[in-house]
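Enquirer: Below are the chains, spelled out letter by letter.
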Amino acid sequence: MSTQKLKEIIKQVLPDVETVICWQEGYDKLNVTPIFITSPEQVDQVVWNPLCAQNLASYLPSQKKKVAVAVKGCDSRTIVQYMQEGLIDRNNVVIIGIPCKGTVSKKKVQKAIGNEPVEEVTFTDDAIKVKTPSGEKTLALADVCPTKCTSCQFPTPIVYDQLTGDAIKSDKPPESVYADVVELEGKTLEERKAYFASQFDKCIRCYACRNACPMCVCQDSCIAETRDPHWITQRNSLDEKVMFHMIHALHLAGRCVECGECERVCPMEIPVAKLKKKINKEMKDLFDYTPGVNPEDKPPMYTFNVDEAKIKEHKL
Amino acid sequence: MRVGVFICHCGSNIAGTVDVAKVAEEARKMPGVAYATDYMYTCSEPGQKEITDAIERDKLDRVVVAACSPRMHENTFRRTVMKAGLNRYFFEQANIREHVSWIGLDKELNTTKAIEEVRMAVAKVMKNKPLFSSSFKINKRVLVIGGGVAGMQAAIDCADGGLEVVMVEKSPSIGGMMARLDKTFPTVDCSICILGPKMVDVAQHDLIKLHAYSEIAEIKGYVGNYQVKIRKKPTYVDWTKCTGCGLCMEKCPTKNAYDHFNFGAAPTRAINIPFPQAIPKKATIDPNYCRQFVKGKCGVCAKVCPTGAINYEMQEEFITEEVGAIITATGYGLMDMEKLTEYGGGRYPDVISGIQYERFLNASGPTSGHIIRPSDHEEPKTIVFVSCAGSRDKSCGVPYCSNFCCMYIAKQAILTKDHIPDSQSYVFYMDIRSPGKGYDEFTRRAQEEYGAKYIRGRVSRIYPKGKKMVVKGADTLLGTQVEIEADLVVLATAVVSAPGAGQMAEKLHISYDTFGFYVESHPKLRPVETNTSGVYLAGACQGPKDIPASVGQGSAAAAKVLSLFSKDMLESDPAIAQVNTNNCVGCLKCLKTCPFQAIVEDTLRSGKKVAKVIETVCAGCGVCTSTCPCGAIQLQHFTDNQLLAEVNAICQK
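Taken in order, these protein sequences are the chains called A and B.
Using this note's numbering, you'd call the opening residue of the first sequence number 1 and step up by one each time.
Using this note's numbering, you'd call the opening residue of the second sequence number 1001 and step up by one each time.
Just so you know, not all the hints are guaranteed correct.
Claimed, not checked - List of simulated lysine-lysine pairs, BS3-like, C-alpha gap at most 30 angstroms:
1. B:Lys1297 / A:Lys298
2. A:Lys29 / A:Lys129
3. A:Lys274 / B:Lys1592
4. B:Lys1608 / A:Lys66
5. A:Lys310 / B:Lys1592
6. A:Lys298 / B:Lys1437
7. A:Lys298 / B:Lys1394
8. B:Lys1394 / A:Lys312
9. A:Lys312 / B:Lys1297
10. A:Lys169 / A:Lys193
11. A:Lys310 / B:Lys1107
12. B:Lys1303 / B:Lys1281
13. B:Lys1507 / B:Lys1560
14. A:Lys278 / A:Lys193
15. A:Lys65 / B:Lys1029
16. B:Lys1592 / A:Lys64
17. A:Lys310 / A:Lys284
18. B:Lys1295 / B:Lys1251
19. B:Lys1507 / A:Lys310
20. B:Lys1608 / A:Lys65
21. A:Lys169 / A:Lys65
22. B:Lys1241 / B:Lys1297
23. A:Lys298 / B:Lys1609
24. A:Lys298 / B:Lys1608
25. B:Lys1417 / B:Lys1437
26. A:Lys64 / B:Lys1609
27. B:Lys1612 / A:Lys65
28. B:Lys1241 / A:Lys66
29. B:Lys1608 / A:Lys284
30. B:Lys1507 / A:Lys284
31. A:Lys137 / A:Lys64
32. B:Lys1592 / B:Lys1129
33. B:Lys1198 / B:Lys1209
34. A:Lys7 / A:Lys169
35. A:Lys64 / B:Lys1612
Claimed, not checked - Stretch by stretch, here's where chain A covers chain B in the computed footprint (C-beta under 8 angstroms, at least three residues):
36. 1073 to 1084
37. 1466 to 1473
38. 1637 to 1647
Hints were generated in silico from the structure; no laboratory data involved.
Even for Gly, the Cβ is constructed at its ideal location relative to N, Cα and C.
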């Protein structure tokens, strides 16, 4: 299994780097948390299974020294985008790529087992077996995977220094990526408004989506919480909630790498990535640009071009 | 905070459709407003005194004037509040004339909107901060782009005024369009004879530095301190050695090169000197036609050149000039007559453009001043002129009048009669536009003394019939169709913006209209200024213009530069971007999007990377502020909070 290979690679790169960022088992068998490996003894704690959903690349911009990081295909887009935006120095990162067939949504599993305590978790090729006090339940991976895995185009990392297994090709059609957006576009303005109102109304402004977002650069200076400029108040109203999500979506215009972290961490199960995906689709149409796929690309919103081929209003 | 609000009647301009007394009454109820009144003409001296008195009497610390556009009187009122001891940025102007009274007739609606405008201005002025400008030194050199008659006039006037001038001309010689003309209207004097002395002045003036066959690659900086990167195109002839003897041109075996100077009226050699009076009178090789470049061997010119000036290896060269002001005199272009398919220009050799005909008339033109039919080189007897060929025609994308075609057609009709006394000219026209001094008399002379037959109507089609060209059109005065069998047809092709005008405007950061003509600061009162301080316009780059108007504007632009340079220091505009380093996260998105390269990366003592604005370079456009995700970079006087205050003022009642 690639877990063994992963551990070997970590042992091999550890002397050259300050830290290796990987996954370890969390407080129970269904939880996986990041581990920051600085000594060889920690390597045995490393796990790799479909529960390793966290996008560890998010830690890279805050690292001061050379680090190694384990990434899935989807996570690698974050690194590519960081490179495009100059947020990391590629020479200071060792990328351990893991070909991934799909992750598991912890929340979906918990729902399926009625939120019972988890005693044991095992995996087969296409299923997850969860043992609880009331018995064992087998769930198909396809039923409990996060939305993003159903249309995954990059099962193998785009950039890596080492690969833990053989590269996998995507078996999902490219159109499937924006299928949900297309479906939403088919609805009337009123229907869409009602949909987003019902979703965003659930928001408790915990900012987990923002904090988990690898592309959010403002960190503690988020304008959702500043008074200068005072764009939104702390009032508990739909307007302010929508405003916050609009700001986050617009700050990610042409930058969202669709890692799904925002949806993964949302305690209210709001489809927060949907707006961002819609903008990505527009960016694709307008600038033929997909975030985080080619380190040589220039993000369109990071440039000043007077003439854009597909924007008609301004012609030289 | 004590805000004073002054509502201007502007005579009946505003008071006619806005209940100004009600606006003042409502203003009094707005939070922060200590005093509000309406006045007949707030910009008048007593009107301004009303403001200064009220500031003193009512202890006002902020002032709002609801009147015309700030582009008219913002400076007036800023000075007024300054006189009364307030910072000039504690003033806001609500535009209730251009934005309200002039655009609607419904008094009630207008009054409501005017109140809203005032409410916004009051909300903003309370968020305003005092700003102070600093001063900086200016480089008293001027760049003139374009060596046509307007550019030359501007350069000579600036140089005579003691300024160092850098002139950049894209073609091998200065002279522009006027150098191509045979005669000028309405005096019918020789064009090059009156232009020649000016060209010599430019060449000989100690203070004028000419870069011919060069283009502007890049412009950096701001009023007073521009760095201009100039691309010197390779001429493949060492101009320090070339004596302009013309031997190379005589011997060049390539005889089919496109003649840019003659607008393709006849082919020329691959190495040429555009015209006898050219300045500099130096040869240039056209690598698109030269056999040495196309086929890789020839070298005839190198062999015959007595001074060994030919250098096929020459590369383009970049030089940088530092200047303090820029005069743009890039001129105009002409519509490609092939666009007018119904007239057959480009398809039939005997349908030519006005400028080509001009070259045929000229003694140094391709035919040495003999009018010929290009198809068989015979002398034409019946010549038809078609005015508005493309002009005033929305379907051609040129809804405007090309300004001088009526006049040059009349001139060409007169000259045709002079050249070929037994010829007959016909002129198809829409209207005769001849408003200049002596112009109308001139067009009458063409008809009455020179017998040109003027037909009011447009030409629908031109097609060949044997050796003749049939011009089919309408005579709207007689209400009939006419057909004229002509030997030669001359199209007065529409005047369009110079090729690449838009790109040049982007380099200069000036506005241009949908047709590519540059936009002046005010169509009546600031006709040679642009909205970018330090950049001025001269000649037809602003719109179709005849010679006297171009020369006048050239001089006017020079006067503007001279008055700008009469000071040693310039005041900077404090309404520029500023970084709050506490909030800046150093993502440097602003640096990448700034169109003026006014933002650099800076490291604080703590080691934190932040953006830094170079104050003098920032133009206050605000691209960075809308790019910054955390609102750390703010455009002073237009901060997010100031604009949000305005938004809140109209959204919350």
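Enquirer: Hint by hint, work out which the structure violates, then give me just those numbers in ascending order.
Expert: 1, 6, 7, 9, 10, 11, 15, 21, 28, 29, 31, 36 and 37
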